Amino acid sequence: MGVSNLATEIYTVSYLILFAILGTLARLGLQALTYYPGTPVIFSSVWPNFAGSLVLGYLSEDRKLFRHEWGGPTYDQHISRAKQKNADQENGESLFPEPAGDLPAAKKAHMATKKTIPLYIGLATGFCGSFTSFSSFIRDIFLAMSDDLASPGVSASPISRNGGYSFTALLAVVITTVSLSLSGYFVGAHLAITLEPFTPSFSFRLTRKVLDPFAAFLAWGCWIGALLLSVLPPDRFSNPGAAETWRGRATFALVFAPLGCLLRFYTSLRLNPRVASFPLGTFAVNIFGTAVLGMAWDLAHVPLGGVIGCQVLQGIEDGFCGTLTTVSTWVAELTTLGRGRAYIYGAASIVAAFAVMVAIMGGLRWNQEFEALGHTGTDIDMELPFAATFKALRVYNGVNKTFGTTPRLTLDVDTR
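For what it's worth, this note's numbering labels the leading residue of the sequence shown as 1, then goes sequentially.
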């Protein structure tokens with residue numbers, strides 16, 4: 001077929017870069033849209049995890065988008081032959097019925113082939129993996145347990161609660177996120193089956209000759225553009241002297257996002273095949289990404305550095321850690337493992353990551369309390385983990401405002 005391995009590798013990396021940026025933007029945007037006063041679910045990471053799992057469920061079950069595979073629609077041909085043989089059997093014309101195992105084997109082969117197509121890798125690993133975030137999920141478990149999850153629009157000090165309530169809060173985050181993510185994956189798979197008659201297909205020639213080169217150009221251009229926007233944020237020139245909020249909101253996250261996505265992809269590629277019953281690569285990146293997020297969170301909540309430092313740390317949390325860790329792939333793996341192995345893998349991932357988060361964030365939380373981001377005083381609720389970064393830019397001269405004695409992440413003025 002004359003397909004260059006080098007070109008395929010370049011296109012794969014380019015798609016991962018492009019969709020890591022798009023997935024990060026989608027995650028930050030959906031978090032902002034679903035975090036509002038009166039929201040029934042106050043931890044905003046649950047909705048990107050649900051949506052990303054839904055998209056991956058659709059892509060995994062879909063048999064039309066990539067039916068041309070690498071130029072030969074093998075699975076499509078198996079389906080056509082099976083339908084013809086079924087018709088022949090009904091008419092009594094078939095003497096050699098097709099073995100029952102042919103279609104499942106063809107479906108498995110199609111899935112394996114689909115996972116080698118650069119565009120599919122970009123959509124599944126790049127977009128869905130970056131849209132969801134396992135490290136943010138574990139962070140929300142810890143904040144729920146430590147009574148640090150702030151309700152949107154509520155700045156009053158929380159009422160102290162006992163350990164039993166903290167445990168139920170922890171369970172609420174775990175059960176809600178896992179059940180919604182699994183549900184989203186199955187809903188996406190059902191959508192793929194329902195919409196199959198109306199789903200178009202990507203032509204191999206169009207994909208290889210047009211989409212792949214264009215994605216390579218666009219991906220590197222977007223990454224360079226994000227870097228330039230971080231160095232020279234537009235709000236610096238549109239309103240001189242005002243707070244520069246672009247970097248804290250998104251641009252630093254977009255700079256770090258492709259790095260986390262690429263590290264996750266190549267780690268999983270190397271480690272996942274080693275143990276069939278335990279995806280070691282996904283487990284490793286989820287634990288490591290959770291540890292990095294915990295360290296970045298701690299550094300952002302101690303009196304070190306300034307606004308730029310806080311923005312960089314927030315970019316690492318939202319960009320690098322957000323794309324390095326994934327819920328969508330984790331959920332997909334749970335559905336393919338046997339029941340017992342799925343419970344072992346799922347429980348081990350959550351327990352190990354939570355233990356790491358407690359070890360890293362717990363020491364600061366229970367010994368020193370969380371400080372204002374970058375030790376810059378500001379009137380903020382921690383409405384969103386990333387929102388405080390750019391709100392922290394409104395600094396009062398000569399006034400140092402720190403956290404009160406309550407564990408919730410709200411700032412009270414202290415003029416002493």
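Bear in mind the hints are in silico, worked out from the structure with no lab data behind them.
Source: prediction; values computed, not measured.
For every residue, glycine included, the Cβ atom is placed at its ideal position computed from N, Cα and C.
Each hint should be verified, as a subset may be incorrect.
As the list claims (entries may be wrong) - Calculated lysine-lysine pairs in the DSS-like style (CA-CA distance at most 25 Å, straight line):
1. Lys115 with Lys64
2. Lys107 with Lys64
3. Lys115 with Lys209
4. Lys108 with Lys64
To be verified - Listed next, with one range per pair, are the computed distances between beta-carbon atoms:
5. Gly163 with Gly340: 25 to 33 Å
6. Val187 with Gly163: 29 to 37 Å
7. Val302 with Phe198: 50 to 58 Å
8. Ile193 with Leu6: 43 to 51 Å
Taking the hints in turn, this is what the structure says about them:
1. Lys115 with Lys64: 14 Å, holds
2. Lys107 with Lys64: Within the cut-off at roughly 12 Å; holds.
3. Lys115 with Lys209: Holds: Lys115 and Lys209 sit about 19 Å apart, inside 25 Å.
4. Lys108 with Lys64: With Cα atoms ~15 Å apart, Lys108 and Lys64 stay inside 25 Å; holds.
5. Gly163 with Gly340: 25 to 33 Å: The hinted range 25 to 33 Å holds for Gly163 and Gly340, with Cβ atoms some 31 Å apart.
6. Val187 with Gly163: 29 to 37 Å: Since Val187 and Gly163 have Cβ atoms about 36 Å apart, the given range 29 to 37 Å holds.
7. Val302 with Phe198: 50 to 58 Å: 54 Å, holds
8. Ile193 with Leu6: 43 to 51 Å: Because 36 Å falls outside the window, the suggested range is violated.
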